[in-house]
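Q: Place chain B on chain A using the hints.
Chain order of the listed sequences is A and B.
Here the first sequence is numbered in the numbering used here, starting from 1 and rising by one per residue.
Here the second sequence is numbered in the numbering used here, starting from 1 and rising by one per residue.
In short, the hints are calculated from the structure, not lab data.
As the structure is a prediction and not an experimental result, all values here were calculated from the model.
All residues carry an ideal CB built from backbone N, CA and C; glycine is no exception.
Treat the hints with care, since some could be wrong.
Stated by the list, open to error - Here chain B is said to cover these stretches of chain A; the calculated rule only asks that three of the stretch's residues, wherever they fall, bring their Cβ under 8 Å from a Cβ of chain B:
1) 13-23
2) 35-49
3) 60-66
4) 134-140
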Amino acid sequence: MISCHEVRSCLAQLQDNEVEKGLRIRIEEHIEQCSACLNQFKGLEEVWDLLDDYRGVEPSAEFNLAFWAAAKEIQYSRPTLPRWHAIFWNDNWKIAALAGSMAALLIVFVGILPYYTNYNNDLDKFDNQLLQEVARLVTADDEDPLPNNDASQRINGEKRDLPRNITNPLGL
Amino acid sequence: MSVSDPDVMLMLRVKDGDDAAFDDILRKYQKPIINFIYHFVNNRAEAEELAQDVFLRVYAARAKYQPEAKFATWIYKIATNLCLKKLNQDRISTRLRVSIDEEKIPELRDTRPNVQMVLETKEKEEIIAKAINSLPRNEKAAILLRKRQSLSYKEIANTIGCTEGAVKTYIHRAKIRLRERLSLYLEGKMK
Chain A
1 MISCHEVRSC LAQLQDNEVE KGLRIRIEEH IEQCSACLNQ FKGLEEVWDL
51 LDDYRGVEPS AEFNLAFWAA AKEIQYSRPT LPRWHAIFWN DNWKIAALAG
101 SMAALLIVFV GILPYYTNYN NDLDKFDNQL LQEVARLVTA DDEDPLPNND
151 ASQRINGEKR DLPRNITNPL GL
Chain B
1 MSVSDPDVML MLRVKDGDDA AFDDILRKYQ KPIINFIYHF VNNRAEAEEL
51 AQDVFLRVYA ARAKYQPEAK FATWIYKIAT NLCLKKLNQD RISTRLRVSI
101 DEEKIPELRD TRPNVQMVLE TKEKEEIIAK AINSLPRNEK AAILLRKRQS
151 LSYKEIANTI GCTEGAVKTY IHRAKIRLRE RLSLYLEGKM K
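For reference, chain A alone in the conformation it holds in the complex (with noise of 0.2 Å):
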């Protein structure tokens, strides 16, 4: 059985009809029933109705005229954009932009690809000319070993002098 409290807080979805069915008929069964609360229900139904006496108003005669008028108004006032930023900015300015950027980044790409080439190009011959030089170090070292005596050049390798045949790579 639903009790007055919870009957009393549905009273106005009741009367807006914005009730679920089954609360609805638990509603109506209790109201039947109960006195107190059939008169809450009818006290806002009363001034449901009272507040049909509420009446508006009647829109002025020129309130068309009015609106239409103030709409131009905005719509004239409105600041315009500058003649040579209409003419430029729309869309098809913007795709012709685009495609001058990326046209403008190519040529600076074609144009630096040659030297990065040739830098690379330098890089390999040095690297070859270098592997060269340690080959040639190398069948130096063979064919003309240390005396035994000289261990200590040995160990401390930058105190021996290259043979004199040998260029720096590095230009050092």
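A: Okay, now just chain B, sitting in the frame of chain A:
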């Protein structure tokens, strides 16, 4: 939102540059919107001014209009927001403004020649206006949208920007308050 809503169809025509379609919207909604606002501000001139603002906002939004919601819900949302903003600005919620427009009297006189009846009607409207204006603003918005525009609780929730549960509470409390505040009048009428 389906475009089966005739108002949405009209608005889509307005979007395509058909100002005559907006004239139809204006004719259909001017009275309900003006009255909705009038019940908030209780001043005819202010109501018309705010209503014009509502329609100007709708018209200004025509280019970007997307039929995502029922047109009525959208326009009442704009009207409600403007009214609540106005109430905040003027702090009307803390004052009871019960003045009924003088302009209404001739209209009433036309339909009710009996002076006594006119006075009674005016008195009754003042009492109701006073009771409605004493409501907290969200309760007032909810009860007016329900009573005057017959919006569902869900539509009211979308319009005010709250949950459906909150709308139930607002309307329940508003009705209880109105019954308390109008009980003396109702009892007097019964006698």
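Q: It remains to establish, for every hint, whether it holds in the given structure.
A: Okay, the hints, checked on the actual structure:
no., hint, result
1, 13-23, "holds (count 4)"
2, 35-49, "holds (count 5)"
3, 60-66, "holds (count 4)"
4, 134-140, "violated (count 0)"
In the structure shown, a violation is registered for the earlier hint numbered 4 alone.
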